[in-house]
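Generate the whole structure from the sequences, applying the supplied hints.
Chains as they are written, first to last, in numbering that gives the first Met the number 0: chain Z, 0 to 400; chain F, 0 to 239.
These are calculated hints, taken from the structure and not from any lab test. Keep in mind that the hints are not guaranteed to be accurate.
[Claimed, not checked] In silico contact screen, one side only, chain Z against chain F (beta carbon under 7 Å); selected entries: (1) 12; (2) 14; (3) 116; (4) 216; (5) 279; (6) 310; (7) 313; (8) 314; (9) 316; (10) 392; (11) 393; (12) 394.
In this text, a Cβ means the ideal position worked out from N, Cα and C, and glycines have one as well.
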Amino acid sequence: MLWNAVLLAMREIRRNLMRSFLTVLGIVIGVAAVIIMVTIGGGATLQVTEQVASLGSNLLLVSPGQRMGMGQRSSASAFRLADAEAIAREINNINAVAPSSSQGATVVYGNENWSTSIMGSTNQFFVAGNWIFESGRAFTQSELRAGKAICVIGESVRKELFGSQNPLGQKIRLEKFSCEIIGLLNAKGQSTMGTDQDDLVVIPLRTFQRRLSGNQDIKLIQISVNDGQSTQKVKQAIGELLRERRHIATNEEDDFTVMDMKEISNMLSGITKVLTTLLGAVAAVSLLVGGIGIMNIMLVSVTERTREIGIRLAIGAMEREVLLQFLVEAVMLSSLGGIIGIILALIGSVTLANLMGVPFVFNLIIVAISFLFSAAVGVIFGYFPARKAAQLDPIEALRHE
Amino acid sequence: MSNAIVSHQSPLIELREVYKVYGTGQAKMQALAGVNLTINRGDFIAVMDSSGSGKSTCMNVLGCLDTPTSGQYLFDGIDVGTLSRDQLALLRRNYLGFIFQGFNLLNRTSALENVELPLIYRGLPAGERSERALNALNVVGLSGWAHHTPGELSGGQQQRVAIARAIVTQPAVLLADEPTGNLDSSRSREIMELLSSFNSELDITVVMVTHEPDMAAFAKRQIHFLDGQVVRDDDNGGAH
Numbered sequence: 000m001l002w003n004a005v006l007l008a009m010r011e012i013r014r015n016l017m018r019s020f021l022t023v024l025g026i027v028i029g030v031a032a033v034i035i036m037v038t039i040g041g042g043a044t045l046q047v048t049e050q051v052a053s054l055g056s057n058l059l060l061v062s063p064g065q066r067m068g069m070g071q072r073s074s075a076s077a078f079r080l081a082d083a084e085a086i087a088r089e090i091n092n093i094n095a096v097a098p099s100s101s102q103g104a105t106v107v108y109g110n111e112n113w114s115t116s117i118m119g120s121t122n123q124f125f126v127a128g129n130w131i132f133e134s135g136r137a138f139t140q141s142e143l144r145a146g147k148a149i150c151v152i153g154e155s156v157r158k159e160l161f162g163s164q165n166p167l168g169q170k171i172r173l174e175k176f177s178c179e180i181i182g183l184l185n186a187k188g189q190s191t192m193g194t195d196q197d198d199l200v201v202i203p204l205r206t207f208q209r210r211l212s213g214n215q216d217i218k219l220i221q222i223s224v225n226d227g228q229s230t231q232k233v234k235q236a237i238g239e240l241l242r243e244r245r246h247i248a249t250n251e252e253d254d255f256t257v258m259d260m261k262e263i264s265n266m267l268s269g270i271t272k273v274l275t276t277l278l279g280a281v282a283a284v285s286l287l288v289g290g291i292g293i294m295n296i297m298l299v300s301v302t303e304r305t306r307e308i309g310i311r312l313a314i315g316a317m318e319r320e321v322l323l324q325f326l327v328e329a330v331m332l333s334s335l336g337g338i339i340g341i342i343l344a345l346i347g348s349v350t351l352a353n354l355m356g357v358p359f360v361f362n363l364i365i366v367a368i369s370f371l372f373s374a375a376v377g378v379i380f381g382y383f384p385a386r387k388a389a390q391l392d393p394i395e396a397l398r399h400e
Numbered sequence: 000m001s002n003a004i005v006s007h008q009s010p011l012i013e014l015r016e017v018y019k020v021y022g023t024g025q026a027k028m029q030a031l032a033g034v035n036l037t038i039n040r041g042d043f044i045a046v047m048d049s050s051g052s053g054k055s056t057c058m059n060v061l062g063c064l065d066t067p068t069s070g071q072y073l074f075d076g077i078d079v080g081t082l083s084r085d086q087l088a089l090l091r092r093n094y095l096g097f098i099f100q101g102f103n104l105l106n107r108t109s110a111l112e113n114v115e116l117p118l119i120y121r122g123l124p125a126g127e128r129s130e131r132a133l134n135a136l137n138v139v140g141l142s143g144w145a146h147h148t149p150g151e152l153s154g155g156q157q158q159r160v161a162i163a164r165a166i167v168t169q170p171a172v173l174l175a176d177e178p179t180g181n182l183d184s185s186r187s188r189e190i191m192e193l194l195s196s197f198n199s200e201l202d203i204t205v206v207m208v209t210h211e212p213d214m215a216a217f218a219k220r221q222i223h224f225l226d227g228q229v230v231r232d233d234d235n236g237g238a239h
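What follows is the structure, encoded as structure tokens:
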């Protein structure tokens, strides 16, 4: 009986190629849209989370001035090295305090030159930022104290200036002075904000202050909090310490900002989650539209199908044989559409993920849900009108108009 | 090779006081108003109706396509009214062949597949199925048209596909609703000779609705309907 139903269903599909094609198309579009959108959205979320993690989610960034809204900052005096030392001395549960100052500069090696950002800091900078050395070494204490002309470069700078050459031991020119490369940092890739984190040259803080900036200013203090400790508490303690050191009266606002990377990371992944949900909702609408398309095709053909069912009943088909045939037909079309949709979605999302530089995350649950939904639509709207028709007297089904 | 019915004591078909009423109230219409009819094995009956109502309804009731409002329909002594829908389907499948006035072929489906359809429900293997279907098409003179769809066939050819589909199972009873209604007179004679041969050679009981006395003359027995009742039952004595 099942084999008969399969035979009849296949004849029916072949007989109504256009209708079958449109049904399959509706399912393909619905399934593919949902899977692609959710996969890309999921990939973007993962990317953001990974980038924040590479930055160190237990990182606090302390900078002078208050943010005044888009890109503007209130002016305030910079920190001194003593501020960073005080934080390191008085705040508990932190594992690195990296005072730093930076400025843009052109670096030259031979005929190559490259405009990058010069960071003056201590070895703590590598700890706080989770930097790993690809080759070479960090600064020694004596080098830091002496303000030697040495530097550690990021992957992007190496690529631009040295290509396939080994940069270690080479001398590059930073504005007015030349310095020797002693270390190369492992690549981190783009930051969440879309900037290249590997585009930097790190030199000892003292070297920076003496040879580049000519002042004692510290523009940024990076603090990494011990794992498992509340960044919130540390942030508060730093705030209190700095208010005291900067003589801010109790009724005055802070003239510095402590940014918590965890907050930023939560905020960013929150945003991408909202976006994913939004994309998912858009995709769900397309699934729904696909479903309505299938429904229309099925309902439009009810008259013809009712007559067909009448013929089958008159010839001696039992109700359950007719229904099994329709069920097999609906399941075959829906599964075919679902499978094509999934294949298209996988190809589409891998391609899109590559184009957008987003990791490809396979979400089996979404694949299953969208497949089941469209299969359900196909089966329900293919099966139930047929059931109604199959319950009629043959002569009524034949007379249906 | 016809499907012999087990018992031979009772008549093949018996209608007792069968009524069929359509609509309610003012629009009420009695298509069958107490029909009593006995059909024996081997009969070839022409059903005629000058009033234009009742005969098709009677055929539909005989073909178990329609249920009477009241009255009894005994098929080989079995009260059809007591059968379930599935049992009725099996009765149609195994014992009845129906030729519809409007053909009722599956469109966009080849003549061969249309004729195969009842055999699929009988569960015949593919080889025997197509052999018998081709044979049936041969009998009705459509051997070269097996792979044409109804849309590609003339009215007469479609009529013959419908006949082939009805006889391919070699039913005990062949019910034909105006089988020559769409044909010219020479084609009509061919069809009538075909039905006669089914009746005489394959021992198929034939019940046929027609309004043409020429065609009715092929039958062994003529039944006249008027206002939903049998008013005359003549024995032709096989005069053709």
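Each hint tested on the structure:
With a cut of 7 Å, the hint placing residue 12 of chain Z at the interface with chain F is violated, because the nearest CB-to-CB distance is about 12 Å. Hint status for residue 14 of chain Z relative to chain F: holds, with the closest Cβ pair at about 5 Å, below 7 Å. Because the beta carbon of residue 116 of chain Z sits about 72 Å from the nearest beta carbon in chain F, more than 7 Å, this interface hint is broken. Hint status for residue 216 of chain Z: violated, given a least beta-carbon distance of 84 Å to chain F, over 7 Å.
A hinted interface residue such as residue 279 of chain Z counts as satisfied when its beta carbon comes closer than 7 Å to some beta carbon of chain F; here the least separation is about 40 Å, so the hint is violated. With a cut of 7 Å, the hint placing residue 310 of chain Z at the interface with chain F holds, because the nearest CB-to-CB distance is about 5 Å. For residue 313 of chain Z, the shortest C-beta to C-beta distance to chain F is roughly 6 Å, which falls under 7 Å, so the interface hint holds. For residue 314 of chain Z, the suggested interface contact is upheld, since its CB lies about 5 Å from the closest CB of chain F, less than 7 Å.
A cut of 7 Å between beta carbons decides the hint on residue 316 of chain Z: the least distance to chain F is about 5 Å, and the hint holds. The interface hint given for residue 392 of chain Z holds, since its Cβ lies 6 Å from the closest Cβ of chain F, which is under the 7 Å cut-off. This hint holds: residue 393 of chain Z has a C-beta 4 Å from the nearest C-beta of chain F, less than the 7 Å allowed. Evaluation of the residue 394 of chain Z hint against chain F yields a held restraint, the C-beta minimum of about 4 Å falling below 7 Å.
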